[in-house]
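Protein chains in written order, with my numbering: chain D, 1 to 618; chain H, 1 to 156.
Everything labelled a hint here was simulated from the structure, so no lab data went into it.
Mixed in with the good hints, there may be bad ones.
DSS-like, lysine-lysine: derived pairs with alpha carbons at most 30 Å apart [to be verified]:
hint : chain 1 : residue 1 : chain 2 : residue 2
1    : H       : K109      : D       : K146
2    : D       : K228      : H       : K90
3    : D       : K320      : H       : K90
4    : D       : K206      : H       : K90
5    : H       : K38       : D       : K227
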Amino acid sequence: MGWTRNVLRVNLTAGTCTREPLNMEWAGQFLGQRGLGSKYLSEEMDPKAEALGPDNKLIFATGPLTGTIAATGGRYSVITKSPLTGGIACSNSGGFIGAEMKMAGWDMVIFEGKSATPVYLHIENETATLLPADVIWGKSCWDADKTLHAIHQDPQMRISVVGRAAEKGNLYSAIINDLHRAAGRSGVGTVMASKNLKAVCVRGNKGMSADSLHDPVAFMTSTAAGKKVLAENAVTGEGLPALGTQVLMNVINEVGAMPTRNMREVHFEGASKISGEAMLEPRPGDGKPNLVTNAACFSCTIACGRISTIDKGHFTVQNKPQYWGASGGLEYEAAWALGSDTGISDLDTLTYANFLCNEDGIDPISFGATVAAAMEMFQDGAITTEHTGGMELTFGSAEALAWAAEVTAQGEGFGLDIGLGSKRLCEKYGRPELSMTVKGQEFPAYDPRGIQGMGLAYATSNRGACHLRAYTVSSEILGVPEKTDPLVTEGKAGLVKAFQDATSLVDSSGLCVFTTFAWSMDDIAPQLNAACEGDWSVDACLEVGERIWNLERDFNNRAGMTSKDDSLPPRLLKEGAPSGPAKGKVSGLPEMLPEYYELRGWTQDGEVTTQTKQRLGL
Amino acid sequence: MLRSLHISPSKCTGCLQCEMACSFENEGVFNPSKSRIKVFTFHDEGRFAPYTCTQCAEAWCMQACPVDAIVLNRETGSKDVLNDVCVGCKVCTIACPFGTINYNTDTGKVVKCDLCGGDPACVKACPTEAITYIDADATGLDRMRQWAAQSITGNA
């Protein structure tokens with residue numbers, strides 16, 4: 001089992017909360033979380049519906065291993081149609097609220113319609129209630145979290161909440177849970193705010209009983225074996241706990257795949273100053289290191305999370321005691337987007353911007369990349385101080401980044417423009433070619449000229465540019481599961497497909513994708529098989545992964561996307577990398593894409609064929 | 001030889017594996033709400049601290065119980081609740097200065113750490129050795145060792 005078999009349906013238009021049984025046939029085909037949530041979304045809404053209209057749905061979904069002792073078994077995903085890309089969105093978060101949903105007895109919460117006035121959902125075990133959100137509307141995520149805990153007098157309640165940016169329509173708003181974990185990408189928070197839903201509070205003390213597991217003894221044995229593998233692996237047992245994902249900053253810079261200054265360059269001279277290693281060094285100001293400790297999400301034995309502080313004397317936080325305490329620090333993607341992509345190497349400023357992204361729920365990748373695009377347009381004169389209200393938006397300016405983070409988080413002035421995302425901002429100021437996006441979503445921290453597989457991974461990702469849909473960096477740079485040459489395109493179509501399918505399964509299980517630095521499907525399948533009824537062998541898992549990928553693709557096809565949307569910006573296809581091992585190389589996407597479609601069983605227009613649908617039971 | 005739970009908060013990452021292992025071992029459920037060991041997060045300080053019963057020698061919960069439902073386990077040194085004797089009066093929960101014995105509304109009895117009969121599940125589940133089960137007569141050994149290490153660096 002692993003599933004609670006309960007779905008909570010919240011109709012925001014009617015103001016009702018009703019229980020319904022989980023569709024177990026679908027659970028057998030799509031597992032949970034990303035897969036099962038996408039199946040519900042796909043069945044229940046028209047993919048052409050307005051992302052920010054009442055016909056879009058917003059689904060919070062856990063996996064069968066969420067809320068168990070399986071290492072990292074605390075994830076949940078938010079599935080909806082993205083206002084940023086117009087395609088399917090699925091944003092995954094750790095922290096503790098996913099497990100709390102399971103403890104309260106729910107696999108999934110489906111929000112539909114739109115409330116006439118701001119509300120929040122309060123769940124206490126089987127009781128779910130919509131309550132007026134007047135006292136928290138207009139507040140940051142952090143303030144709302146504090147207020148809700150005080151109102152309900154329950155420090156153990158877990159909260160997901162959107163901030164002021166989402167309320168003001170910022171298109172890459174995140175849903176923040178447990179203060180600094182995020183369902184971060186694709187504007188899932190924007191959809192939540194568009195429904196006048198400010199927060200979801202969950203408290204459960206029912207738990208996941210041994211009876212709810214298919215084979216409790218095998219489950220304890222297989223999860224213990226899995227934990228041992230994580231502990232003994234160099235990445236999950238040493239690198240990630242010590243340096244977090246920031247272990248990558250110097251590595252990726254060295255291989256010449258560090259997107260810098262809106263991806264004009266592939267090497268950042270300031271990388272070592274904003275790296276995981278730098279976070280351990282005493283600061284000149286107060287002599288303390290940026291990093292206070294590493295931290296785990298629910299049930300996670302890796303503990304890659306960063307808890308950081310900012311020097312109280314730093315210009316960003318002078319006389320602002322609310323930022324003097326410790327909070328969620330820089331992960332690699334945030335450090336890259338806020339730092340390398342904007343040319344800024346001041347660790348305190350990046351940490352401050354990161355705090356603001358958490359405080360008001362904005363995706364630091366899309367935010368940083370949009371600021372980078374704005375900086376390039378400022379340099380070119382397309383954006384001027386008239387637009388910014390006097391701020392010199394120059395590459396490398398820490399003051400400019402701190403200001404941009406403030407106005408964007410609060411949704412004020414030029415912050416509303418930055419909140420459009422890179423694609424719409426560049427179109428607005430007449431320079432669409434400067435937007436480093438796929439399907440309207442900003443790139444993450446790997447230049448596809450230096451890591452060729454990632455070009456195809458970005459172009460074909462169902463939620464727009466994303467590193468978490470097929471992390472071929474693992475193979476091309478880190479050699480996991482086996483080393484491939486990052487500079488060639490041969491074999492990358494198959495590699496991308498394999499990573500996409502496997503990741504779809506992991507994202508549907510309740511586990512964290514970071515386990516796959518150490519775990520293969522041989523480690524994951526036995527844990528699922530022990531928890532869930534049905535066949536969860538390695539082969540079955542991979543087929544479910546492939547089915548999920550095709551389901552998402554089909555949603556996007558039905559939303560109107562074609563092979564034309566599987567592309568990269570001209571900069572990456574025409575301008576050779578200016579330095580490093582990939583010097584002179586462009587992305588070889590055109591060489592890889594036809595082979596990829598072929599392997600997928602799609603037409604050359606990128607449509608999932610009837611034959612493929614039938615083979616996968618779609 | 002008696003052993004004690006020994007907690008090093010600086011090693012804790014806040015993952016709650018101990019809470020899951022405790023609730024599963026003792027109640028057959030993955031459920032932090034039913035755990036006898038609790039991990040506290042001090043967000044602004046960036047610190048985590050697991051906390052549970054210290055098995056006081058002169059256990060106030062045991063002294064306070066009007067029906068003698070809390071007894072000394074001579075093999076492990078733990079103070080155990082006898083479920084068939086406990087009447088759920090909650091006097092022990094008031095008597096305990098540390099808050100580590102609590103009432104369970106499902107069973108109508110009180111619940112506290114019993115060291116899992118001498119093989120604590122939380123210790124086995126902890127990935128960072130923040131919780132260990134060590135010689136009860138030498139719980140300071142680790143710290144003594146650290147000071148001893150300083151004495152051989154040549155500074156002494």
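Index of numbered hints that the structure contradicts, given in increasing order: As far as the earlier hints go, 1, 2 and 3 are violated by this structure, in ascending order.
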